[in-house]
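Novice: Listed below, chain by chain, are the residues.
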Amino acid sequence: MNNIQSRKQNKYVVPLLLLLAFWPVLNWLFRNLTRGGLYGPEDVISIFSALLILLELHWTRQLKCKLKLNEGDLKSEEIDSNKGIGYLTCVVALYIVLQIAHMYFVLEPLPMLVQEALFIVAVAPFLSRYILGSNFNLSLFAMLFYCLPLYASLEFFLSFPFRLLATSGAALLLSVTGIPSSPHDTSMFVGHLAVPVSIEPACSGLRFFFAGQVLACFLSLRLRLGPYQTIFACLAALVLALGANILRIASLSVLSCSSLVDSFSAPGQMEMAHEAIGISSFIVTVVAAFLCVKFLRPGKFN
Amino acid sequence: MRIVLIFLCVLAAALPFMPVSSLSRASHLGSFHDDEVVFKTTQKLLPGMELLARNQKDQFASSQEEEFYKHFPGKLYRFNALSSEGSRYQVLVRLVNKPSRKLHSLKECMAGKFPIEDLGVRYDVEGTPWQHFRAGQTGVIYLVRETFCDLNGSKNNRFADVSSWYWRAVMGGSEKWLSVAVISRR
Numbered sequence: 001m002n003n004i005q006s007r008k009q010n011k012y013v014v015p016l017l018l019l020l021a022f023w024p025v026l027n028w029l030f031r032n033l034t035r036g037g038l039y040g041p042e043d044v045i046s047i048f049s050a051l052l053i054l055l056e057l058h059w060t061r062q063l064k065c066k067l068k069l070n071e072g073d074l075k076s077e078e079i080d081s082n083k084g085i086g087y088l089t090c091v092v093a094l095y096i097v098l099q100i101a102h103m104y105f106v107l108e109p110l111p112m113l114v115q116e117a118l119f120i121v122a123v124a125p126f127l128s129r130y131i132l133g134s135n136f137n138l139s140l141f142a143m144l145f146y147c148l149p150l151y152a153s154l155e156f157f158l159s160f161p162f163r164l165l166a167t168s169g170a171a172l173l174l175s176v177t178g179i180p181s182s183p184h185d186t187s188m189f190v191g192h193l194a195v196p197v198s199i200e201p202a203c204s205g206l207r208f209f210f211a212g213q214v215l216a217c218f219l220s221l222r223l224r225l226g227p228y229q230t231i232f233a234c235l236a237a238l239v240l241a242l243g244a245n246i247l248r249i250a251s252l253s254v255l256s257c258s259s260l261v262d263s264f265s266a267p268g269q270m271e272m273a274h275e276a277i278g279i280s281s282f283i284v285t286v287v288a289a290f291l292c293v294k295f296l297r298p299g300k301f302n
Numbered sequence: 001m002r003i004v005l006i007f008l009c010v011l012a013a014a015l016p017f018m019p020v021s022s023l024s025r026a027s028h029l030g031s032f033h034d035d036e037v038v039f040k041t042t043q044k045l046l047p048g049m050e051l052l053a054r055n056q057k058d059q060f061a062s063s064q065e066e067e068f069y070k071h072f073p074g075k076l077y078r079f080n081a082l083s084s085e086g087s088r089y090q091v092l093v094r095l096v097n098k099p100s101r102k103l104h105s106l107k108e109c110m111a112g113k114f115p116i117e118d119l120g121v122r123y124d125v126e127g128t129p130w131q132h133f134r135a136g137q138t139g140v141i142y143l144v145r146e147t148f149c150d151l152n153g154s155k156n157n158r159f160a161d162v163s164s165w166y167w168r169a170v171m172g173g174s175e176k177w178l179s180v181a182v183i184s185r186r
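As you go down the protein sequences, you meet chains A and B in turn.
Per this note's numbering, the very first residue in the first sequence carries number 1; after that it's consecutive.
Per this note's numbering, the very first residue in the second sequence carries number 1; after that it's consecutive.
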């Protein structure tokens with residue numbers, strides 16, 4: 001009886017304590033979400049996907065519980081309330097230590113993204129228990145992580161390395177297919193062109209990568225994949241995104257050095273061709289990532 | 001255990017009120033004596049434009065901006081500029097002494113207030129790559145171009161995008177870096 005009372009209390013106390021400890025993070029996230037800020041369209045799509053899948057999973061679980069209750073077969077999913085409280089204590093303690101250390105050594109608060117990640121670490125197991133009935137679910141954790149305003153930071157840190165990789169990959173692909181090309185930083189000389197084709201930040205392939213990751217997490221959650229399968233799905237989505245971007249850049253480079261360019265007379269035709277190649281590559285990536293994750297079945301690698 | 005957790009949560013909630021901002025601001029800004037070099041480099045990057053005196057009054061456009069620059073590892077300059085055709089521009093220059101996520105593209109800052117249209121990378125007569133974008137759709141529209149370079153504006157250290165700048169700064173090449181943004185209003 002005491003355990004049940006304690007669990008009921010924890011149900012309300014834990015979210016309140018989470019709100020209290022992480023109020024600056026929540027305040028910052030809310031401000032960014034309502035006034036724009038760091039949340040770009042990519043982040044909003046990932047939040048929408050997460051909400052959709054979490055609601056769907058919650059309703060499915062409720063329905064199953066009701067059915068089991070009717071059959072008199074409900075096994076209570078015991079939650080060790082002390083374990084949960086202990087876990088939360090550790091995360092909040094870690095948050096305090098990191099925050100104070102950062103303020104002392106770097107003379108500024110911990111970067112907001114790190115604070116947000118710690119908040120996700122704190123909240124994920126409780127959400128997982130409430131929605132999925134399991135203590136930890138990697139795909140739920142990853143999905144929540146992609147709900148943070150992450151895209152701008154990914155662009156900052158990864159755009160250049162992705163462009164370097166895409167340029168080298170596309171140059172290699174073109175050379176293999178018989179078109180002489182050589183990469184130089186984030187541009188490459190292709191065929192007879194005297195001016196190098198420059199790979200702009202918009203062609204880094206980060207959108208492919210982000211969409212692939214969100215899709216992989218979404219499907220992993222939907223199919224209730226295990227941790228190894230989730231990691232495999234995310235890695236497969238990464239490889240597919242990189243491959244598709246290399247293919248896109250190679251196609252665009254061929255287009256820009258072929259005689260086709262001269263046949264584009266109306267203004268905007270070149271841009272349309274550019275967009276069409278981009279969209280086709282994106283669709284191919286998404287479909288391939290979907291099939292790849294669908295192919296995985298629960299328990300295949302676990 | 002529950003009492004420990006409550007105590008820690010209260011402590012965590014009080015952390016943002018720790019008086020650290022004044023300390024960090026003084027330590028970062030005190031190390032810069034580069035105002036003249038910044039002015040010269042900015043002028044060099046803007047051929048066909050006359051850079052007017054530094055706008056001291058309007059250093060921070062809003063309290064939010066001032067709050068952000070409290071933890072900025074460098075210094076902010078605002079200049080007015082006049083083109084040869086007589087058009088007026090505002091030039092925003094940020095000087096940093098280390099590669100930092102805090103020096104992000106102006107596009108990222110303005111995205112919170114305006115819809116952004118990316119206009120791509122263009123090279124000027126000097127060969128400097130500029131990232132162009134438009135902020136706003138109706139009412140006030142800002143046309144912005146932005147570039148990143150080292151303090152002396154060396155030709156091989158000029159970048160249109162912040163990620164290229166960041167990785168070059170991480171690899172070395174210069175101790176101090178500039179972000180120069182030219183803003184015109186329509």
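Heads up, a few of these hints could be off.
[What the hints assert, rightly or not] Facing chain B, from chain A, some residues (calculated, C-beta under 7 Å):
no., residue
1, Ala21
2, Leu94
3, Ile96
4, Phe160
No wet-lab data here; the hints were simulated from the structure.
The beta-carbon is built from N, C-alpha and C at its ideal position, and this holds for glycine as well.
Novice: Checked against the structure, which of the hints given earlier come out wrong?
Specialist: 2
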